[in-house]
Amino acid sequence: MKKVKVRASQAQMIENHRNAFETLMLKRMDENCGTVLDDVRVYDVARAFFIGYEVEPEFKVGDWVVYEQGNVGQYGDKPIVLKNPVVRHATPEEIAQEKERRWWKLHGREVWELKQGDILRRPEDEHTMVVTSVGRAEDMTVVNYEGDDYVYFCDVKKEYKVSSFAENRLDVNPNE
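The working numbering puts the first residue of the sequence shown at 74, with every later residue one more than the last.
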């Protein structure tokens, strides 16, 4: 049998009455005694008490959440579809990815979309490079700079930060 979903405050009330089921039910059924369980059916209060419950995550303004609906995967050639949408707290990795995506979008780029003339800086040693192109070498994507020198794209993403986008540079005349 499936556990009843309750809010944290409702779970607390059930636990506070762990040794007093009759009192809990009397409070729930008394119209003059408002409780946090008023919106839970009497049957579900009893199920939560005896069978168990699952505390629904409570969201606050500013929480990062993920809304999952529709196709979420594939089993063979059949899509896996969520009919009831799921809202959950985002993981730290998902939050970091979304913040990164928003930062790049703010600058009119896809994530790690580099263009000729972008300036990248490695914070640990202040090494700076001007991107001349993004291409392939040794079957890997690379960022070319200063002639034939290049850095693997995966290393650029880990070690470098964008110092200036080509279109924002003041030291270069775009009409040249």
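Calculated from the structure, these hints are not laboratory results.
Any given hint might turn out to be false.
Claimed, not checked - 27 Å max Cα-Cα, derived DSS-like pairs, lysine-lysine:
no. : residue 1 : residue 2
1   : K133      : K188
2   : K100      : K75
3   : K100      : K172
4   : K78       : K100
5   : K133      : K76
6   : K188      : K230
7   : K178      : K231
8   : K151      : K78
9   : K151      : K172
10  : K100      : K76
11  : K178      : K230
12  : K172      : K133
13  : K172      : K78
14  : K178      : K234
15  : K172      : K75
16  : K188      : K178
17  : K230      : K172
18  : K133      : K178
Said to hold, decoys possible - Derived CB-CB ranges, DEER-like:
no. : residue 1 : residue 2 : range
19  : T214      : K76       : 43 to 49 Å
20  : V184      : L99       : 54 to 60 Å
21  : P152      : R182      : 54 to 60 Å
22  : Q189      : K231      : 30 to 36 Å
23  : W185      : F123      : 52 to 58 Å
24  : K78       : E173      : 30 to 36 Å
Computed from a prediction, not measured in an experiment: that's the story for all the values here.
We put the beta carbon where it would ideally sit given N, CA and C, even for glycine.
Quick rundown of the hints versus the structure:
1. Between the alpha carbons of K133 and K188 the distance comes to roughly 39 Å, so the proposed pair goes past 27 Å and is violated.
2. For the suggested pair K100 and K75, the alpha carbons sit about 24 Å apart, so the restraint of at most 27 Å is met.
3. Between the alpha carbons of K100 and K172 the distance comes to roughly 46 Å, so the proposed pair goes past 27 Å and is violated.
4. This hinted pair checks out: K78 and K100 have alpha carbons roughly 19 Å apart, not beyond 27 Å.
5. The straight-line distance between the Cα atoms of K133 and K76 is roughly 24 Å, inside the 27 Å bound, and the hint therefore holds.
6. Of the pairs offered as hints, the one joining K188 and K230 holds, with about 14 Å between alpha carbons and a cut-off of 27 Å not exceeded.
7. Restraint check for K178 and K231: the C-alpha separation of about 19 Å stays at or below 27 Å, so the hint holds.
8. About 30 Å separates the Cα atoms of K151 and K78, which puts this hinted pair outside 27 Å; it is violated.
9. For the proposed pair K151 and K172, the alpha carbon gap of about 32 Å is over 27 Å, so the pair is violated.
10. Using a Cα cut-off of 27 Å, the hinted pair K100 and K76 holds, with the two alpha carbons roughly 22 Å apart.
11. With a CA separation close to 16 Å, the supplied pair K178 and K230 stays within the 27 Å bound.
12. Taking the CA atoms of K172 and K133, the gap is near 18 Å; set against the 27 Å cutoff, the hint holds.
13. Taking the CA atoms of K172 and K78, the gap is near 31 Å; set against the 27 Å cutoff, the hint is violated.
14. Proposed proximity of K178 and K234 is supported: the alpha carbons are some 16 Å apart, at most 27 Å.
15. With a CA separation close to 36 Å, the supplied pair K172 and K75 exceeds the 27 Å bound.
16. For the proposed pair K188 and K178, the alpha carbon gap of about 15 Å is at most 27 Å, so the pair holds.
17. Between K230 and K172 the CA atoms are separated by roughly 15 Å; this keeps the pair inside 27 Å, and the hint holds.
18. Of the pairs offered as hints, the one joining K133 and K178 holds, with about 26 Å between alpha carbons and a cut-off of 27 Å not exceeded.
19. At about 48 Å, the beta-carbon gap between T214 and K76 stays in the expected band of 43 to 49 Å.
20. Between V184 and L99 the beta carbon distance is about 57 Å. The supplied range of 54 to 60 Å therefore holds.
21. In this structure, P152 and R182 break the distance hint of 54 to 60 Å, their C-beta atoms being roughly 31 Å apart.
22. About 22 Å separates the C-beta atoms of Q189 and K231, a value inconsistent with the hinted range of 30 to 36 Å.
23. A hinted range of 52 to 58 Å holds for the C-beta pair W185 and F123, which are about 54 Å apart.
24. Hint check: K78 to E173, Cβ distance near 33 Å, so the stated range 30 to 36 Å holds.
The structure shown violates the earlier hints numbered 1, 3, 8, 9, 13, 15, 21 and 22.
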